[in-house]
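Engineer: Read off the chains here:
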Amino acid sequence: MDELIGILQSVCPGVDFETEKDLVEDGILTSLDIVMIVSELMSAYDVQIDVDDLVPENFASAETICELVNRAREK
Amino acid sequence: MSSKKWLVAFVCTVLAFGLLTLAFNVLVDPFGVFGDVIFHWDSYSQTLNPRVGKIEYLDRHCDEYDSYIIGCSSTSSFPVEELDEYMDARFYNLFTYGADMLDSEDFVRYIIKNYTVKNILLNVYIDNGHTYDDPGIDNLTGAMHARVDESSLAAFYWKYLFLDPNYAIDKVRSFFKDELLAEPYDVFDVKTGCYDKRERDAEPISGLEEYEAIEQYSGFADYPTYHVPLKKTAQAMESLVRIKEMCDEAGVNLIVVCGPVYSGYMQGVDRQEAEEFYTSLAEVTDYWDFSISSVSTEPRYFYDLTHFRNCVGSMALARMFGNGDVYVPEDFGVYVTRENAVELVERNDAVFASRPRTDEWTKDVPILVYHNIVPDGEEGATVSMLEGQLAALRKAGYESVTFRDLEDYVYRGTELPEKCVVITFDDGYYSNYEYAYPLLEKYGMRATIFVIGVSVGHKEFYKDTEFVMTPHFDEEEMAEMSSSGVISIQSHTYDMHQWPPFETGGHVRETLLRFEDEDEEEYVRALQKDFERSRSQIEAVTGERVDVLAYPGGGYDILSQWALTQCGVNVTLSTRYGVNTLVKGLPQCLGAMHRIYGDAFPDAGELIAAMKGKR
Amino acid sequence: MSITSFAFAGFAALLAVVYRVLPQRVRWWALLAASVIFYAAGGPAAAAYMAVTAVTTYFAALLLQRENDRRAAMDGEQRRSSKRSHDRRRHLVTGAACAVNFGMLFAIKYWDFVSESLAFLRLPALGLVVPMGISFYIFQSIGYVADVSRGKTAAERSFPRYLLFVCFFPQMVQGPIDRFEHLAPQLFAGRRPDTDEVRDGIQLMMWGYFKKLVIASRAGTVVGAVYANAGAYPGCASVFAVLMYTIELYCDFSGGIDIVRGTAGLFGINMAENFRRPIFSLSLAEFWRRWHMTLGGWMRDYVFYPLSLSKPFAALGRFSRKHLSGKLGRILPTSLATFIVYFIIGIWHGANLTFLAYGLYNGAIITSSILLAPFYTRVKKALKVNESGGLYRAFCIVRTSLVVFVGRYLTRAPWLKMSLVMLKRSVFDLRLRELPGVVTGLGMSFFDLALVAAGCAVVLAAEYIEERGVGIRAYLAKRGAFVQWLAIAVPLAVILIFGVISAGSGAGEFIYGRI
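Protein chains in written order, with this note's numbering: chain C, 1 to 75; chain W, 76 to 690; chain L, 691 to 1205.
One or more of the hints may lead you astray.
[Unchecked claim] Partial chain C-side listing against chain L, Cβ under 8 Å, derived: (1) Met1; (2) Leu4; (3) Val24; (4) Ile28; (5) Ser31; (6) Leu32; (7) Val35; (8) Ser39; (9) Ser43; (10) Val47; (11) Asp52; (12) Thr64.
Since the hints were derived computationally from the structure, they do not count as laboratory data.
Cβ coordinates follow ideal geometry from the N, Cα and C atoms, glycine included.
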């Protein structure tokens, strides 16, 4: 989890991933950020994330992003 | 307020605005279908939709008329007053723009049924074979009155009740900027039903080149042939048969006329179809044909490609009613019966085949203008220069003619000498009497002097002031010159050629033009009063009719042209440089005529060259 | 039927009444009938295009649904092993639906441009008339197909219901491009709207009519004249014309959307938001998230995401990470995808080189701002800028407005060179002193200009208040009856007098209707 937050912070400096719970709806993460996060995660964990997974719910907070990565690992 | 109440309030407000709009439409009544209770402006509603406006007007005024003219827009050019005189009747011109034969049939049925009708003059135009019952006519402005075509009255009133309020707003706006002469929004003369052509007919016309250079006539110079297929001839003729039956049944005298068609327009009609049109017309009824003649080849006889001028309408009536006092071209107007209809079409071909014989009805006339004449050695137009010019003119075979001769040429077709010139002097200087008069007598020439009424006899001072000015001759000298037959005295206004440095007060009339802030009607009254004063002064001294005026400073406009025509002024002169072209039958060619300054060409040879149009 | 016509207002009002009266089950049929009538009025060709889209996407979605259902029935192992063939089949069907519909769109909107631009190929021109709203319903339908393919939404089995989703009449003219999962349930529910919703709908419509008829059509009168002959005017005329065009575009488009959303509100349907006060954007990227939002969202979900995660882009990412150091290496693929999206948005607006340039312009600025972000951060730190301070925000808003404004030079000009000439003149040949003469010469009276200015002030003030989070409607609803009535009568009178009547007959057509 901490590793994940570290990656996230390197992509989007200045975003408080520890406490924010509604990153997309609050307009903190834009589509650009999401794509950059996803490509970063894919290369860091060597997983495949589908377009179908790029929905706001999956990026609402660090926890949901973590779940997304876990699901992708299982596949 | 609950949202329910809000909705109620909203609906009520919308309804209220809607009702206000309807009330506005009814009260302002741009189409004149609700009685036009506020503005009483028939010309406006007729302009918007003549089919509706004219019927609304006639329903109120039909007892003032007993005869009607019917047809499309070119029909406007049959002058109602002349027709009244010829036929001892009271005509109303019930033409509408774009009228096809179905419109005419509807009108005939309606007026016979509802009004007293003695005569109907029906103008049949070649386009009647082209369009019939055209659904493309706009619903509001082109639709027939429901009482006439017997369609639904409810739908009719509904249409004008729920009108775009812009129509009413435009009417109110127009009302407040309305002017004396016709504007685009009130083009009808209410009494006669004709187009109000005061303005158009006050426009000076001269050479063909000059004419075609005017924007609105440029179409004549570069006329593209539009193909006009005549596929509706049969339907039109069926309508005509019904018109004839209705007239016969009601004992109405039906006169059918085919008005002049511009030759370029006619060339867009297939020959076969034209022949069919005219022969099948002759099958239905005898008619007067003016459609193709030398007149058709002369653009100056037309307002535009499809409308002949009022003066041409006068010529047509003169031919129909045998009025010998009016110029009518030899080949203008044929009475067509079943027997000669085909000949007519052949004759039309001949007109197209030959070149327009323009010189048969036009004549170039130079007019010279002088002012003060000074003794030799002084600055200006000297005595010997004038004498030299007169001698040279004489030697070159020029004859001097008067404005009376020009009027005779235009109104009656009386020919002019081959080489003719008009000599004029402006202002009425004493030097004209002292030097020019004897010289003219010596060389057997005649001239016209335009006097400023207020200056007559002022040999020292300007009016009642102590400003010294060039001396002017007095009434005694005026009478002497006039009675000799050498000099004609005409008007240069009574006091509308003022000299600003010598005048007191704000408004100085240097020319007879309207001041920018002057009310149009007041101006016209002032101008006409001034002219009448000048006329009665001159006529009292010379006994000669005064109907020629030289514009002070050369300044003229359409309004002044019209106002003077109202007083019976047939000829006006400007100071525009050039030679004039007179056209027989076209009064406009005597308006604001060009003149050549005699002293601009001290060399007599150059002057004669200028008179031939060479500079 | 133009949505600014009385006919449209009457049509909507009548339908709203019928809708309330009908039993709930059949209400959606009324919407469908109205929509079909509305679209059929556009002529047989328009109806035929619409039918092609509706039928192809309807069946594509059913096929995809069957595929997804079959996969859902599999056990875990089967599912894993068949993923590849499953994806291939999904992509095949989606691709075919895209090919048919975008092919048709291309033929109608872009073919003539291509055949003209590539004249040496001597391709025949088709001369097809672009029917109303074709881009909107094609995008919306394709979005639906993609959603079904991704399993985000279930395919609609009833064709009439699906047809209603495709051709729901308010959105036919200029969008918004809604999502099936958002719009369709509302369409079919047949819920009777409560009076609050109807009131809000009417208010939204009035606001839209005000923006469109009073401001946009007035501002638009001068635009054409300058663009028709920009060479004859000094630079100040270009600036003025582009400003007026910017005002016209925003008020016309957002006003139209307000009318559309307000109309939908009469049926208790809440359509997707399309504008969120874009004037207050801090960056160009944010502007695009607040301007024509449904198009932006569509582009994000169906172009940007798939493109960024596609194999070639993944490969490019691996490559750039390896060979380029630092930030650039990490974001190069994303930047490229961004660039392509704006390029497509540019083309969406019209078949013209100016729109290509427009796409490039936006793409280049946004891409460069990503690339330069670290640099900006350093500069801001050095200058000790307070990023949440009002002054900095104001600076950002002005900067963004300027960038958008310059972009507008590109979108209206008939050809690219003219845009550049106008831009050049605006900078080097301004001749500001000639402005009053130019404005009157263009036939815009002082009164009209003042009205446009006043209208813009009202719009700006209202948006500012909303931006601050104050609800104008809620405020009004608490006022007394007279004030509330004034809030009905005054806007109505303003719209009628300055929008309908003084605009003359045949008031404004849509700028966006051609898209």
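Engineer: With reference to the structure, classify each hint as holding or not holding.
Structural biologist: Hints, verified against the model:
1. Met1: Violated, because the Cβ-Cβ distance from Met1(C) to chain L comes to roughly 22 Å (cut-off 8 Å).
2. Leu4: 17 Å, violated
3. Val24: At about 11 Å, which exceeds the 8 Å cut-off, the nearest Cβ of chain L leaves the hint on Val24(C) violated.
4. Ile28: Interface hint status for Ile28(C): violated (12 Å vs cutoff 8 Å).
5. Ser31: 4 Å, holds
6. Leu32: At about 6 Å, which falls below the 8 Å cut-off, the nearest Cβ of chain L leaves the hint on Leu32(C) intact, so it holds.
7. Val35: 4 Å, holds
8. Ser39: With a minimum Cβ separation of about 5 Å from chain L (threshold 8 Å), the hint on Ser39(C) holds.
9. Ser43: For Ser43(C), the interface hint holds, since the closest Cβ of chain L sits about 7 Å away, which is under 8 Å.
10. Val47: 12 Å, violated
11. Asp52: 4 Å, holds
12. Thr64: Violated, about 17 Å.
This entry does not satisfy hints 1, 2, 3, 4, 10, 12, going by the numbered hints stated previously.
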